[in-house]
Structure formats: structure tokens, C-alpha cells
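Asker: Spelled out, the chains give:
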Amino acid sequence: MYRRYRVPSVWRELNQIQRDMNRVFDTHSPIRTRTAPSYPALNIWSNEEGLVVNAEVPGIDVNDIDISVVGETLTLSGVRKSEDLEEGSRYHRQERGSGKFNRSVELPFPVDIDKVEATFKNGVLQISLPRSEADKPKKIVVKSA
Amino acid sequence: MTEESKALEVQKQEVTTLEDTERTRECQCFIPRADIYETEEDIFVVVDVPGVDESSIDITLEKNVLTINAFIEPYEIEGYAPTLTEYEVGDFQRSFRLSNMIDHDKIQASVKDGVLRLQLSKAGQAKTRKISVTAG
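Protein chains in written order, with the working numbering: chain C, 1 to 145; chain R, 1 to 136.
Honestly, the hints are just simulated from the structure, not real lab data. Model, not experiment: these values are computed from the prediction. Hints should not be assumed to be uniformly reliable.
[To be verified] In the DSS-like style, the derived pairs of lysine-lysine whose C-alpha atoms are separated by at most 30 Å in a straight line are: (1) C:81 / C:121; (2) C:81 / R:6; (3) R:63 / C:100; (4) C:100 / R:12; (5) R:106 / R:63.
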């Protein structure tokens, strides 16, 4: 009989098991938090109409944050300034970081760039990105013949 | 300043409850990152508490232990489902033991853009005094 795949079937079987296991862990693990690859950590919510992106960026001046959307990539960049210390002061402890940051994230669908809005309150940045009209799911009406 | 500034950190640190006590509030609790520095007159405590405003911070000073409690209402965005979760939202709690040299009546606290700033005045005798050394 003609065989389409040359991969031994045991490997296919193992791949299938791996996918199943990943699915189990992804959906049932009590900790669903993913470690952010770089600052800031993001939380993203979505529905059919669009996305909401949140980030905790305490102590950053709103004017020091740049939000840009290119294609389906959202980029947050900016700088968190370090404290302005008086002459002669010294640190007992310093845990709060400072410096430049740049974070890009791939969005699940194209967004309407003109309607992107961002708010900043108590150190939390919230960006709402409405889905572009052309990409919204269309309902298909079934006609009876 | 000769000290190097610290790099930005991504992950929040969760409070691990000691002994058998449990939190009464259901949400998680984190240890906020803090800077403490001293000038000639004051000690400054700067704490990152994103999402907190002036009405939801509790600061107490009891027997030289300064405790900061910041409460956050866990929220969900109506009609949206979480797609990516890289951080959890929760309360903040941290305590510091102060030395006796703080003037307890002169503590100022303010919060702006998710950063709490405490200014603790040093009591009279704790201010830096220069001691002159005489040759003899």
C-alpha cells in the first residue's frame, strides 16, 4: 500500500501525546500566569470586538511612554527615571528598577489604529484596541431553498 | 551618586504567609518593591504600589514597626476573556522596623502614579553631628 508519511507511526503517536499533555497543562494548571519576556508584564483581554491591554508601570510619567501599533504588533517603549536624590543622600536599599524599556507583543487580530485609546491611572496603563471592521467575524445566513 | 541604578524587573514577589495565619481576603498579596534612602534631615521610603490610590492605603506605625497595607479590588473587564496573563493583581503588604531616631509625629505620606512616598523626619538628636577631632 502507498504510504504518505515516512515518519514512523510511533513518533506521530508521541507528538499527539505531547500535544494532548500540553493542552491539559495549559487549560487545567492552577497557575496560568506566563512569565513576561521583558518589562512591562502585560495582561490582555479580548473578545470579538477588540482587545484591552493592561500594564503596571508605577512611577512612570505618561509623557515618557510611547505606544505604537504597526501591523499586528503593539509596542510599548519608554523610560522609567530613577529618583532624584538630594546631594549627600545615601541608599539603605534600592529595589525599584529604572531605565529604558521596550516591549512588543503580537496581537491576535488586526486593530483599528485610529480608534486605539490609552488611559493611565494610579500607575496602571490600559490600552483599548478595537478590532478592525474588515476583520470582524461575519455571520453567515443560511437561506432555505 | 556612585551607586548603579537597578534594572527594571518584571515579576512581582508574592508574600509567603508564615506560620498558620491565613489571609482573610481572597486575592493574592505581594511584597512591593521599595527604595529607602537617607538625607541629612529625613529618611525617605518609596514604594511601588501600582493600582492603589490614597483611599486604599493603610499605614500604621506601632512600636517602631512601620506597616504598609495597600488594598486592590480585583477586577474583570466586562465582556472580555483573558487572553494573556503575565501578572496577577493583588494587595500589597510590607513592614519595616525603624530605629528610634524617627520623629513619630512628623511622618508625611503621599501617593502618585502608583508610587507611595513616605518622608520620615529624624528626631533632633539623630541628626548628623560632626565631631571635630583636636590634636592633643
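Asker: Next step is simple, just say for each hint if it's right about the structure.
Answerer: Against the structure, the hints come out as follows:
1. Annotation: proposed proximity of residue 81 of chain C to residue 121 of chain C holds, straight-line Cα distance about 18 Å (limit 30 Å).
2. About 11 Å separates the Cα atoms of residue 81 of chain C and residue 6 of chain R, which keeps this hinted pair within 30 Å; it holds.
3. Distance restraint check for residue 63 of chain R and residue 100 of chain C: the Cα-Cα separation of roughly 40 Å exceeds the 30 Å cut-off, and the hinted pair is therefore not satisfied.
4. Simply put, residue 100 of chain C and residue 12 of chain R have alpha-carbon atoms about 19 Å apart, close enough for the 30 Å limit, and the pair holds.
5. A hinted pair counts as satisfied when its Cα atoms are at most 30 Å apart, and residue 106 of chain R with residue 63 of chain R qualifies at roughly 16 Å.
When each numbered hint is compared with the structure, a violation occurs for hint 3 only.
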